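Go ahead and model the full structure; you've got the sequences and the hints to work with.
Protein chains in written order, with the working numbering: chain P, 1 to 179; chain V, 1001 to 1316; chain D, 2001 to 2447.
Calculated from the structure, these hints are not laboratory results. Predicted model only: the values in this text are computed from it and were never measured. Built from N, CA and C at the ideal position, the CB exists for glycine as well. Do not rely on the hints blindly, as some may be mistaken.
[To be verified] What follows is a list of derived Cβ distance ranges for each label pair: (1) D:L2344 with V:Q1091: 36 to 42 Å; (2) P:D31 with V:D1009: 49 to 55 Å; (3) P:V6 with V:E1014: 33 to 39 Å; (4) V:R1245 with D:H2132: 20 to 26 Å.
[Claimed, not checked] Stretch-level coverage of chain V by chain D, calculated; a stretch enters the list once three of its residues show a Cβ under 8 Å from a Cβ in chain D: (5) 1148-1157; (6) 1194-1202; (7) 1256-1270; (8) 1284-1298.
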Amino acid sequence: MSTRTVLSQADIHRALTRIAHEILEGNRGADDLVVMGIPTRGVLLADRIGDALRAISGQAVPVGAVDATLFRDDLRRQPTRAPRPTTVPDGGIDGKTVVLVDDVLYSGRTIRAALDALSAIGRPRVVRLAVLVDRGHRELPIRADYVGKNLPTSTSERIFVRLDGIDDAEEVAIEGGDR
Amino acid sequence: MKHLLSTADLGLDEAIRILDIAEDMADVSTREVRKLPTLRGITVVNLFFEDSTRTRISFEAAAKRLSADVINFSAKGSSVSKGESLKDTAQTLAAMGADGIVIRHPASGAPRVLAHSGWVEAGVVNAGDGTHEHPTQALLDAFTMRRRFHGAAARGRDLAGTRVLIVGDVLHSRVARSNAWLLKTLGAEVTFVAPPTLLPNGVAAFGVDVYYDLDEALARVQPDVVMMLRIQQERMNAAFFPNGREYARSWGLSATRLHGLPERTLVMHPGPMNRGLEISDEAADSPRSTVLEQVTNGVSVRMAVLYLTLAAGETN
Amino acid sequence: MSTTDHILKGATLSDGRTTDILIGGGVVKALGTNLTEAAATVIDADGLLALPGLVDLHTHLREPGFEGSETVLTGSRAAAKGGFTAVNAMANSSPVADTAGVVEQVQALGDRAGFVTVRPIGAVSQGLAGTHLSEIGAMANSRARVRVFSDDGSCVADPLLMRRALEYIKGFGGVLAQHAQEPRLTEGAQMNEGELSATLGLGGWPAVAEEAIIARDVLLAHHVGARLHICHVSTAGSVEVVRWAKSRGFEVTAEVTPHHLLLTEDLVSTYDARYKVNPPLRRSEDVEALRAALADGTIDIVATDHAPHTMEAKSCEWDNAANGMVGLESALSVVQKTMVDTGLIDWTDVERVLSAAPARIGQVAGHGIPIGVGSPAEITLYDRSVTSTFSVGDLAGKSINSPYLERELPGRVVATFHAGYATVLDGAVLDSDLVAANASAAQTAAK
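This is how it looks when you write it as structure tokens:
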């Protein structure tokens, strides 16, 4: 199996900074923004995007986590998954612009579950989606508003997102699907 | 986890995982929508061969919060009491498409027989079997202790060093058995206190300290938790002790004993309580008492158990 | 006339001698080498052990009353399959064998089936209720000539009734076989009492409930000068009591079951009711003590306590399951595994504990006699050298509640001869009609 790096640490940093700019542009500032990461790596990315938003706008943006495990429709097809904590920032999400953050967008099922999980917490005014990598192969009518990098892949390939703070390296890599 | 039959089957990691998931489930009850779609399309049968409204309602609430369909099958007054066997009942439920069976049965081991018989494919959760075990009660007790002692920082923690006194009818108590295994697995120091007639011959199997004298035990152990077991009315007539007065005087948690406890000590009781026998009004109603929290936490713990036994696919 | 004659070529006797055995006219006609007889069927017995037919002092045939689990015929077939030529049928049928009518019926059914000698055991008390003596004299003087009396399944718990029964049975030259179980100490009992019962939450059956009754009864029997036989001794403490009684010269005999020689209470932790039996499976220390006691003669015999039950009675929760396991077909193999292969006893001892001594205690005429010229043709041919996985196919009775299924057991009964004709050949139980016809002919010839 071959493995190749498609985003370096510097690439990831640049992508997140760009996404933060785009979010502020789309929202016309940082008002009423809430960033919600989807565990595990989405939470780390949400924190970094939150940091970038504050650095750019000079305004603190609430960051939380929304776990979608208990809302998934494919639990019976997989071994047991332990849910991860959901944390709602002070002020909640009602009437806010919530930016969902995940590492890889693939079938869209996790995002579907996360949207249900969000609606159990409250009623945002708008929900946007930011992902580090969009690898295609959607199974649901879902698309990302902010994408770090589009990576056309084959289904036989696997994408690894490694981030400082969870993993011992920082990169996005593709394994398999030799061509 | 295909079944939950005994807390003796749980390792430390698995026990903590159940308690952590129960924390997530407890969080759900603080949300705007207190219902999860997790077990949508799954049928859970509450198969109760003994009356226990409290336990059945708790499991029913847990299953419904996870969007499962719930069928309550009370075997009392049904075909079962007319001689239908556990096997026939189980096969009937299987034919109805039960994915999970929550079973309460007067015979020790009945849930294990059901789980390993091949009569049903369903996941089996033991809701109390004879004088054997009551695993979800022990899990909710441990959950309650962990929350009281660690609060919001409870996730991931065990109960290392927590001193737990279990007082009363250990001989007939499935709660005592399940708690002894689980609490020891979680690192707690467990002590049984009872008149010798209410301790099983072979109590050494549990590897816990044993006292006959409650006051001596309270003084020596300085417990973090005092768990009072229920005295069944029928034991009163079977010569396990002379009468209720003497029992209450020697092994009841009186006001005096309550006030002698260390500041932090919790008072627990699996319910329903015999006030004036094993527990005084002062103890039952004191702020140290977790009796009502135990009921609330029971739903969260049972949601976690149903999630772990029923949500996953065949591979686990 | 000679169609049932057989020559067993080159069989090994329990003492190690090798000989041909000529069977004819219901007896062993000749021993020696190179025996020939034109009309006889020759069986190659090279390497096979020839034992006098095995005698079981403790069998439940379930007829009359519980024909769903066993009948006299099916139980007799199971016995023959296990190498037995005589069984003593316990009295806990329905109606209970407490009158001459019932014991004569059981005996007649056994004679007609013809696979083994069936000796009925009479109940000690009416309906096994433990309050009034049954018609002991009528049963002793009936055509069945009952000599063993037992309330097995229940203990003769009332000490005064026990004393009277011992005295009364003595008058007919019989023996009382006691099921030693103090009833109050075993209320709700489900398994051996100890750490495992504490863990499993099953009602405890304490060893002392057996030992206390045995202690009482050996003293009582000695006091009134009666013979006492103790059924299915199961604990190390019981062994000590019996050993003490024998050392004092008391007329006491005792039996152990094959399952108590092999299995321990640990099996109960599965809650698989195949392992539910009364007295219950005990600790490994008890198993060791029982083996030692059988080896040194403290325990006189092995008796199967063959107790067939239907699937419904076993395929359920532990508390509601019936006590008992089938044991006739596996008894000799279990004795080989636990006693011979471990070096505790040799094959002459096996002959004693499974044939001679039970025939003597039960006064089973024509059985338990060493193989010699003129001895009755009650013979078991056994292959000690094979080992196989015990399976339902090895069971010949009506019920399959064996604790040995899926277990490796040594040995195999190759052939059984009863009253001069074969009941088992090549390990297979013969056709019931054929055996019944041979039995009828043999009984006519005997008259």
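Verification of the supplied hints:
no., hint, result
1, D:L2344 with V:Q1091: 36 to 42 Å, "violated (46 Å)"
2, P:D31 with V:D1009: 49 to 55 Å, "holds (53 Å)"
3, P:V6 with V:E1014: 33 to 39 Å, "holds (38 Å)"
4, V:R1245 with D:H2132: 20 to 26 Å, "violated (43 Å)"
5, 1148-1157, "violated (count 0)"
6, 1194-1202, "holds (count 3)"
7, 1256-1270, "violated (count 0)"
8, 1284-1298, "violated (count 0)"
Hint compliance for this structure: hints 1, 4, 5, 7, 8 are not met, and every other hint is.
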